[in-house]
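Starting from the given sequences, assemble the full structure and let the hints guide the process.
2 protein chains.
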Amino acid sequence: MPDKMDYASAGVDIDLEGSAVSSLISSLTKSVRPSGTPGAPVDLPGGFGGLIEFGDHLLALATDGVGSKLQIASALNQWSGVGIDCMAMNVNDLLCVGAEPIAFVDYVAVPKPDPIVHAALGASLAEACRQARVTLAGGETASLPGIVTELDLSGTALGYLNKGEAITGENLELGDILIGLPSSGIHSNGYSLVRKIIEHVGASYTDPAPFNCASEYRDIMRFENSNADLTIGEILLNPTRIYCDPVVDLIKHAQSDDTAYSVSDIRGICHITGGGLTNLLRLHDTFGWEINDPIQPHPEFDWLAEVGGVETWEMYRTFNMGCGMIIAVNKEFSETIYHWLIQRMPGAKIIGKVVDNGRKVIHSPLGIEFSHY
Amino acid sequence: MPDKMDYASAGVDIDLEGSAVSSLISSLTKSVRPSGTPGAPVDLPGGFGGLIEFGDHLLALATDGVGSKLQIASALNQWSGVGIDCMAMNVNDLLCVGAEPIAFVDYVAVPKPDPIVHAALGASLAEACRQARVTLAGGETASLPGIVTELDLSGTALGYLNKGEAITGENLELGDILIGLPSSGIHSNGYSLVRKIIEHVGASYTDPAPFNCASEYRDIMRFENSNADLTIGEILLNPTRIYCDPVVDLIKHAQSDDTAYSVSDIRGICHITGGGLTNLLRLHDTFGWEINDPIQPHPEFDWLAEVGGVETWEMYRTFNMGCGMIIAVNKEFSETIYHWLIQRMPGAKIIGKVVDNGRKVIHSPLGIEFSHY
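Chains as they are written, first to last, in numbering that gives the first Met the number 0: chain A, 0 to 372; chain B, 0 to 372.
Do not take every clue at face value.
Intra- or inter-copy, both count: the list cannot distinguish identical chains.
[Unchecked claim] Okay, derived cross-link-like pairs now, DSS-like style, lysine-lysine, Cα gap no bigger than 30 Å in a straight line:
| hint | residue 1 | residue 2 |
| --- | --- | --- |
| 1 | Lys195 | Lys330 |
| 2 | Lys162 | Lys195 |
| 3 | Lys111 | Lys251 |
| 4 | Lys352 | Lys162 |
| 5 | Lys330 | Lys251 |
| 6 | Lys111 | Lys195 |
Hints were generated in silico from the structure; no laboratory data involved. Every value quoted in this text rests on a predicted model; they were computed, and no experiment measured them.
Structure below.
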């Protein structure tokens, strides 16, 4: 029986990060751009950042990196997925406020440029642009041998929405239905813990995966065309799912005259990132969330929990556990929207509802709950 | 007499960087966003990237980092200027196409978050936002102990312009007048060479500057309130000048009915970055550039050239040499624009003109020229 592992013991001090970020933010003053002019900041309920005014529209910026998943990519010299991870982390955040992503820029810091690595990154970013339906509008590669010891990749996505159509969670109602969208694997969060578990069990990323990889509703990106067994590395580096299709199309459909529901019936959208299910708590100040029919987690989550001795509660506040995005919709249209979604993303599932339980997330089948992040 | 130093010997392989970036770009396919829709890419003469369509406007993204100047900030634990550097590198690029910067996001990668460092960065970014007149629309701090050994800082700026008012250099005419805007020091380029020279001469960043620091038209940001001699570190970390004021205001003035000239009389804008004067060559395919009355370089450039044994030619293709931005304007309005600019930025100066010399930059007083970058 291994020692219990958790995210904090993997070397990530969330409190210290929060304290550092708070320090930075508290140093900032109000924007110099007055309300009503391009670039004026827009404060929305739910604490969404990154929104600014632009005429009849709002523009939204999201910036994020791939994080320590890159260390596995470096170890294996496999870069075909990380451009997709980088794109996904940013555009999926934009979707949560109802913005359509339109452009992306990447930032790569390396100790020394390597044309072969960059060609692979370029191909990965091109595929990411195709999946997210955005223009790659620039990028920067910095050689910083005194600062980085291996490649760091981050990016910024730009999106837009119509004024008055931001999706923030403020219109949530009790009984709203939660539709979960399947993830493609671990996505891009929790890799400090993943790497610690792999090290702990003495596994190699090139080992065949010691578990049944069968998992519905996803493909694994192979490192090369091969009929050989999937490796642990291939499972762990499977790129993050980009949810632009179907979420952007759902919003456009709601805006159209083709349907009875409108954008205001899409009450909240949640990207399940580093905090796992606790991310839902950001969407509303008082309502709670009951997951009673969850999406089945991919086998790698079970394996990591087992060999790492990670408690179920810890798993669900660290990883997406099979469900990368949750959309809360008006109950009246939930079946319609669900049927629309599942045609575009097999594995989409009605997983629960908005409840009046004192701002908690309850995963009923497992009997676990979260009241803070 | 020290050995000759140049940028390549400082460990920056520009050819390798170019090759890596080419590899990345060649892997990219055409944008999936069709012409006429938000986010469709806009190709302009002069190779400006980062522009996309957005209704009656174009949006522009720029992404860049502070680079190895950060290593001096780390060595001295002095962060008050680097937020301004980061902002400047991005917004000054946006200005070159005639875009008004409106928003910015930062990306910080650290081995371990430090609230004190982040508070200083936050204050620096707040001052940068004030100077650039943009909204800080978000940011990300990543803890990546396996990837970075010290702090890396980059960012992305968003700007906009009216369709049809992009400033690209394509309307340049022979005889157009070059107005130089003074830099505040070394800005954020060439620091691999700077650091190598400092190491070569055995100087310490905390030594008093061994040269007369007097230099018109700039203030040095002191590390603390002090009447002590300026140190080498203070000179080297002086933040990059942000040119939004006066350039944005010049463009707005040109758009107004208050003046005889229009935006089309501002023919080209060049941010003097890592390539020094060679940056001008990007603005036009056939015309050349004659600098006959340059801005006086700051004393630190002379000192670095002398103690580092760096040839004059190398200095002018590595550093800004006192002039951080060059604006090419219609000769007919050049005196008017010059007088308008100098009231807002003392030290602005008419430095030369556009000539028909076979696409070269000639610095006449020094007798040096550049025909490629």
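Are any of the numbered hints broken by this structure? If so, which, sorted upward? Structure breaks hints 1, 2 and 3.
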